[in-house]
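Asker: Work the whole structure out from these sequences, hints included.
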Amino acid sequence: MARVPITEYAAKRLLLGEAYRGYTVTPDTVDVAVAALNTTQSYVVKVDVGIKKRGLQGLLRLNVAVAEIAEVAHALFSLGHNRCIVEPMSAHDSGDEKYLSINLTRDGAVVLQSDHGGIAVEDAEAAALQTHDISRTETIAGSTTTSIPGVPLNDWLALMQQYHLSFLEINPYIITGDTCRLLDLAAEIDSTKANRLPDWIQEHILYKKASSDAERAVLEQDARTQAALNLHTLNPDGAILTLFSGGGASLVGLDALVTADLSDQVINYSEYSGAPTRDETAAYVKTLLSVLFASTSDQKVILIAGGVANFTDVLQTFQGIVDAFGDDIETIKTQNISVVVRRGGPNQAAGLAHLRAFLESHHIAHEVHDPSLSLGAVGTLVQSYL
Amino acid sequence: MLDQLRSHNQTILVVGNHVGIIQSILDFDYAAGKTKPSIGAIISTGRKRQKFFWGDGEILIPVFATIEAAAAWGIAANWLLCISSPTSSVRMTHAFFATYPDATGAHLFAEGIAERDAVSLIETYGADKLIAGPSGVGLCIPGTLKLGAIGGVKGDRLAALGSASGSTAVICSSGGMVNEIMYQVAAAGSNLSFAACYGGDRFPITSPLQWFTLAEQDAQTKEIVYFGELGGQDEYVLRDAIKNGIITKPVYAYIAGRYQSSDEAIQFGHAKALAKTESETAAAKMTALKSVGVAVADTFEDFMAMFSKLEQTNIPTPHARDWTERPANLVPTNYSAPTYQHRTQPSFTAGIAARILGVETISSETVAFLDTVFAELIDHGPHVSGAINSMVTTRAGRDMSSALAAGVLTVGDRFGGAINGAAHVWQSALQSDQTADQVVDDYARRREYILGIGHRKYNVYKPDPRVQALIAHGRAALLQTPHLDLALNIEALTSQKRANLILNVDGVVSALLLDYLTEKEQFTTVQLRELIDIEFFNALFLIPRSVGFIGNYLDQKRNDEGLLRLDESDTYNY
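Residue numbers (this note's numbering), protein chains in the order written: chain A, 1 to 386; chain B, 1 to 574.
What the hints contain is simulated information worked out from the structure, not anything from laboratory work. Keep in mind that this is a model prediction, so the values were computed, not measured. Any given hint could turn out to be false.
[What the hints assert, rightly or not] Below, computed lysine-lysine pairings styled on DSS-like, alpha-carbon distance capped at 25 Å:
#, chain 1, residue 1, chain 2, residue 2
1, A, Lys53, A, Lys193
2, B, Lys249, B, Lys290
3, B, Lys249, B, Lys309
4, B, Lys276, A, Lys53
5, B, Lys290, B, Lys276
6, A, Lys52, A, Lys209
7, B, Lys497, B, Lys557
8, A, Lys209, B, Lys276
9, B, Lys276, A, Lys208
10, B, Lys129, B, Lys249
11, B, Lys497, B, Lys462
12, B, Lys129, B, Lys222
13, A, Lys193, B, Lys276
14, A, Lys208, A, Lys193
15, B, Lys276, A, Lys52
[Claimed, not checked] Going by beta-carbon spacing under 10 Å, a handful of chain A positions derived as facing chain B:
#, residue
16, Met160
17, Ala256
18, Gly274
Virtual Cβ for every residue (Gly too), placed ideally from N, Cα, C.
Answerer: Structure, rendered in structure tokens:
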């Protein structure tokens, strides 16, 4: 997988350790957590689910008295968010706000720093961002000679290595005397090693949330197979259901729809790869079909497209597709759905013939092509069915 | 570098037993007219050999549990194809280059190798090795190398890739699209100088620029077809290299991933395929490459149309076979005995030696030694166990097969079958650097006989003339005799304890044959070990002595001897 954000709370606790004075609260824990606070200090309450620019969206409250924290948090939860971070409020002059980000790269790390942080950093020129390149050797060792006043850069680089943090953005931070205070912090971890991290961090990894039952179902199907299956809903009331195979070919297929000016008609981005079995393919396609059936569009096309597969068996996966179509054939007919196909690879002739025969026998409008048709041509082809 | 590779044999170690990919590599090799498969060994668990198709016939590929074991066996690999889990892939890559420091490169098939591990691999190997991945489908140099699933598994495509190369380099992020583009380049009438899939991860070990540089430095490559995608900064590095004259060959490019989402940045299929900033979008990268004169296609159909402008160079692979597909489309998995073709061997002994060692050629010195051994071991008189059994069986009225079998059944540690046991003594002591003293002490402590030492009839005062003759034969032919030297040192100690604890025929034959196989046939320590484990050395006794048993049978028949009964004096009454 890829880089995935973690909560601000988890990132701060990793960087600051025991010194960190913030709390993480959920709808279930907030009342108990607040009851334990024995202070007259006021607090900041922020939604902590990886959303940026919280101030502009009203997802953060300043100067909250202890007695009001629970109420404020519940108000934020009621907006549909399930976690907040609660920190002691500390006043500062916005002129002191500084900016720092660390991005791990193939050559080491790139550190961007500015003494003009906060909202000012949006304007790159005014922020006068400084770039520090840190070498691969220094990054791996967690020890660099690069120094930024007040910032424990070496500690952070070492922690990034230890916890597979790939990206940190601290905006703003404040230097008071010897201490570096982190006011706002965004971090991403390398999800490939997520299962090696301590349990408490795992709960703070902000994986893409399923936005529908269908997305949830596909996430579960994906977890249960060696192959890769995914579903990302774009426009649930669009006309085109995509079923792409391969990470690269799926981009090209989507590009072809963009080129044909069909972007806003695309229901989903869906890609399978890594040779799913016939049964796995069938279950996955059935889930995708449910999304298509639910669309309010009065025109519907299924686009099945991929390149010339290296070793994914076209017959096996197409048998799975036909199995799924067969189960829902009546709805496919009632909703007048057409099918456009472009695919190649091992057993392509048999696979394409199997699907074509099925579509013909049920009188479904279709076009089934092998790689003699350009993958880029699927956009205009789909358009001709709308 | 590519020229160098094109003119030499390539040998791959495959970690992970992905039968389909392995067979596709063998099909490619066969079509390319190679006399030997490019796969040297498979690293996996299970059986020691695995059967695959080789054109219309079949071959066995050796299987080892570890990379170190393959090297110890003598497999000289220069590529690693790693088809295993992310964690194991990292470990195997380190093990491979530690074992083969001069190897050329690798392909890591796994998706999900951690960024930290990738960066660490780049730090260690990035400058010197060609490593395709993590993820993707590998590297193909038509006619020379197919390292991975790249180019697919279909016979006609593999035949085409094996039989000719050309002047177009394909460099691609995506495993599926590299095969698609290779197919379309061929459909447009052009051939490839090479195709590399660097993978969809954030940190490919060999970077896109390094693959471009390989193309730039390759005389055969005239132009580069590039497929990139949204995410990361690779295209800006390429832009700068082109601007600074590091890359001068024409580049045709497509950058995939133009869909712009209104709400959030979408994570597409590949780990890298996410545009968090404006510079990571496909559109920004297209603009960057266009700014230095790269032909960047606006649509994928335009990209395909560009392929008609590619040079139509056709460099036939020497000795390429006219081959499209092996007849059986099933991948074989069952082991069965090899069918030996009749091979012209100069003599009966040479034929036997090649057959029992499982090799095609064998040196005349080893053959001469075996000839002497066989001559010495045909018979040792009628008083020994096996001879008696043959004769008793014959005289009970049975046939030749029964008499031979009865004789053979006596062969074991006490009679004739100590050659293998003796080989074990010499070989394991030498392998573990034990001195003669240590060996003798060990056996004495365990109260065990040392096989290969001791005789019923001969002793230090009356040496076995056959042993003397064999030692003289071996010393004359060999430069070094480490196994024999150790055996004689052991004899020097044991014969001081008792005069008949001398090196016997079993001992000298096994020691000298170990020396012959090492020096004349280039057997490695591990290969010698395997011969001992499968009881090979006892064949040296069974083969000639079978002749002796047949002789015992024929003698008895010729003389028409009657039923044999043991003399009363050979038993006792109670």
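Asker: Are the hints correct? Go through all of them and say.
Answerer: Each hint, compared with the structure:
A hinted pair counts as satisfied when its Cα atoms are at most 25 Å apart, and Lys53(A) with Lys193(A) does not qualify at roughly 28 Å. Taking the CA atoms of Lys249(B) and Lys290(B), the gap is about 15 Å. The hint holds against a cut of 25 Å. Taken as a hint, the Lys249(B) and Lys309(B) pair is honoured in the structure, with Cα atoms around 14 Å apart against an allowance of 25 Å. At roughly 15 Å between alpha-carbon atoms, Lys276(B) and Lys53(A) fall within 25 Å of each other, so this suggested pair holds.
Among the hinted pairs, Lys290(B) with Lys276(B) is consistent with the structure: their alpha-carbon atoms are about 22 Å apart, no more than 25 Å. A hinted pair counts as satisfied when its Cα atoms are at most 25 Å apart, and Lys52(A) with Lys209(A) qualifies at roughly 16 Å. Restraint check for Lys497(B) and Lys557(B): not satisfied, since their Cα atoms lie roughly 45 Å apart, outside the 25 Å limit. The hinted pair formed by Lys209(A) and Lys276(B) meets the criterion: a straight-line CA distance of about 18 Å does not exceed 25 Å.
For the proposed pair Lys276(B) and Lys208(A), the alpha carbon gap of about 15 Å is at most 25 Å, so the pair holds. At most 25 Å may separate the alpha-carbon atoms for a hinted pair to count; Lys129(B) and Lys249(B) meet this at roughly 23 Å. Between the alpha carbons of Lys497(B) and Lys462(B) the distance comes to roughly 16 Å, so the proposed pair stays at or under 25 Å and holds. About 23 Å separates the Cα atoms of Lys129(B) and Lys222(B), which keeps this hinted pair within 25 Å; it holds.
Distance restraint check for Lys193(A) and Lys276(B): the Cα-Cα separation of roughly 21 Å lies within the 25 Å cut-off, and the hinted pair is therefore satisfied. Our distance criterion of 25 Å between C-alpha atoms is met by Lys208(A) and Lys193(A), whose separation comes to about 17 Å. In summary, the hint linking Lys276(B) to Lys52(A) is supported, as the alpha carbons are separated by about 12 Å, within the 25 Å threshold. A distance limit of 10 Å between C-beta atoms decides the matter here; for Met160(A) the minimum to chain B is near 9 Å, and the interface restraint holds.
Taking 10 Å as the C-beta cut-off, the interface hint given for Ala256(A) holds, the closest approach to chain B being about 6 Å. The beta carbon of Gly274(A) is positioned within 10 Å of a beta carbon in chain B (closest approach about 8 Å), and the interface hint is therefore held.
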